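Trainee: Protein sequence lines correspond, in order, to chains A and B.
For my numbering, add 17 to where a residue sits in the first sequence, where the first one is 1.
For my numbering, add 222 to where a residue sits in the second sequence, where the first one is 1.
Calculated from the structure, these hints are not laboratory results.
The model shown is predicted, which means the values in this text are computed figures rather than measured ones.
Do not take every clue at face value.
[What the hints assert, rightly or not] Restricting the straight-line Cα-Cα distance to at most 20 angstroms, the calculated cross-link-like pairs of lysine to aspartate or glutamate (EDC-like) are:
#, chain 1, residue 1, chain 2, residue 2
1, B, K261, A, D129
2, B, K261, A, D243
3, B, K261, A, E74
4, B, K261, A, E237
5, B, K266, A, D22
[What the hints assert, rightly or not] What the simulated footprint calls covered on chain B by chain A, stretch by stretch (three residues with Cβ under 8 angstroms from a Cβ of chain A suffice, anywhere in the stretch; the number is not a length):
#, stretch
6, 238-246
7, 255-263
For every residue, glycine included, the Cβ atom is placed at its ideal position computed from N, Cα and C.
Residues per chain are reported as follows:
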Amino acid sequence: MKLVDQFASGLDAPICLTWELTYACNLSCVHCLSSSGRRDPRELSTAECEAVIDELERMQVFYVNIGGGEPTVRPDFWHLVDYATAHHVGVKFSTNGVKITPEIATRLAASDYVDVQISLDGATAEVNDAVRGPGSYRTALQAMTNLAEAGFAGFKISVVVTRQNTGQLDEFKAIADRFGAQLRLTRLRPSGRGADVWDELHPTAAQQRALYDWLLVHGEQVLTGDSFFHLAAYGEALPGLNLCGAGRVVCLIDPVGDVYACPFAIHENFLAGNVRSPGGFTTVWRGSELFAELRRPQTGGACTSCSAFDSCRGGCMAAKFFTGLPLDGPDPECVKGHGEALLSTVDSKPRPSLDHSHRRSRRSGPVPVTIGMRRPDRACDESPLAGLGR
Amino acid sequence: MSTEDSRPFDLDAAWGLTAQVSVRPERFGALLYHFGTRKLSFLKSPVLREVLTGLAESPTARVACERAGVPDAELPAYRTALATLAASDMIRERTP
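Build out the structure end to end from the sequences listed, making use of the hints.
Mentor: Below, the structure is given as structure tokens:
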């Protein structure tokens with residue numbers, strides 16, 4: 018059996034686990050995967066988080082990717098990082114940089130078992146702040162300066178590739194090089210608030226091609242979290258497993274302990290269980306019906322007859338789901354154009370099950386010019402008379 | 223283990239797992255994670271896993287291979303695999 022097939026049929030423990038510690042966030046990024054903003058009152062307590070870490074240690078999960086929300090706003094965040102590393106679970110956490118002071122940077126630089134990932138969605142303040150909010154570029158760059166000055170080599174700069182920043186890949190690389198950091202590029206997903214801005218922000222077909230060409234040249238020095246495997250259909254595979262790992266080698270634990278198949282699929286359809294139930298995370302990972310289903314051989318549906326199916330395997334499950342496409346059909350960004358053709362026939366899309374957005378977020382204010390108009394949140398938000406005047 | 227290394231690997235030296243490396247047994251072999259370089263590697267054979275975990279108690283890598291039951295004919299392949307692991311700092315030469 019090939020290694021990739023071993024992974025497709027699932028492992029006894031995830032290789033890569035994302036754990037969102039809180040839905041609380043000081044920012045309101047327009048494309049937030051988890052629709053974060055407000056803390057959920059049912060959030061796991063410190064003791065419950067420690068119990069999850071104990072389990073991860075027993076399962077030999079090497080490291081967790083901690084995110085949110087903004088995980089560092091949890092008062093027990095640094096304690097949990099120390100607890101995890103003391104229990105042989107490495108931590109890589111994603112942050113907008115708000116709490117990365119020179120003191121914290123020095124502390125982080127001293128540990129082999131902690132990695133930091135600063136989110137940046139524009140190589141210039143103009144492009145970044147239109148998506149992540151006013152001042153967020155400055156905050157991120159300050160955090161990078163603090164890390165670099167503390168001697169933290171090789172921290173990550175994490176960029177969600179959008180229509181506005183695809184042209185800035187060289188500039189992002191230059192920023193990473195300047196700080197002795199490593200660039201990480203990931204795919205925009207129509208998940209959470211990302212669904213609202215997908216049409217305006219997702220890269221065009223020409224931009225996808227440019228991104229693919231860029232990754233072929235720089236791929237070995239740039240991390241992608243395996244998120245562009247749908248681009249393998251252009252021909253050559255990109256570095257990585259080139260496999261949708263949802264429920265097979267990856268999963269998500271959300272702030273209230275719910276376990277989802279992947280970080281981009283926070284929806285009841287992809288909910289496998291909760292770490293608070295008897296047997297904890299281990300039982301969810303090994304016993305969930307949903308995960309068992311995902312680990313069975315998948316049918317390619319409409320894609321089976323496509324010459325590129327072996328390379329792209331139908332693309333990203335979450336991207337299909339939240340754009341209203343069938344899970345056994347093409348990815349909305351299918352490089353052969355099959356997704357786009359099918360999208361024109363979609364008349365309803367699933368809404369995210371959860372929304373922790375700030376009640377008075379930037380979304381209710383003026384829409385930044387560079388983002389364009391947002392689609393109404395629900396069909397009924399549009400005037401029922403719109404379009405009838407013609 | 224995607225990179226090939228041309229440096230010779232000394233089968234008759236004493237080797238051991240790097241302290242920052244963790245090994246997780248799997249049906250297909252094992253997963254290896256290096257906390258320092260944050261690199262993940264896959265061992266595609268349970269026998270290679272046996273070789274690796276036996277390195278520390280064996281006077282030489284060759285003995286570790288013998289103890290894990292590696293046939294002589296396959297020794298060159300295992301040597302190449304060990305060289306790759308050494309190149310990515312998963313294993314280190316130690317003083318016996």
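Trainee: Tell me whether the statement that chain A covers the stretch 238-246 of chain B is true, taking a Cβ distance below 8 angstroms and needing three residues at minimum.
Mentor: holds (count 3)
Trainee: Hinted pair, alpha-carbon criterion (20 angstroms max): K261/B, D129/A. Please report holds or violated.
Mentor: 13 angstroms, holds
Trainee: Given the proposed pairing of K261/B with E237/A, does the C-alpha separation stay at or below 20 angstroms?
Mentor: Holds - the C-alpha atoms of E237/A and K261/B are around 13 angstroms apart, at most 20 angstroms.
Trainee: Are 3 or more residues of the stretch 255-263 of chain B near chain A, judged by a Cβ distance of less than 8 angstroms?
Mentor: Holds: 5 residues of the stretch 255-263 of chain B have a Cβ under 8 angstroms from chain A.
Trainee: Does the alpha-carbon distance linking K266/B and D22/A stay inside the 20 angstroms limit?
Mentor: 12 angstroms, holds
Trainee: Decide if the proposed pair is consistent with the structure: K261/B and D243/A, CA atoms, cutoff 20 angstroms inclusive.
Mentor: 14 angstroms, holds
Trainee: Would you mind confirming whether the straight-line C-alpha gap from K261/B to E74/A stays at or under 20 angstroms?
Mentor: 18 angstroms, holds
Going through the hint list in order, the structure satisfies each hint without exception.
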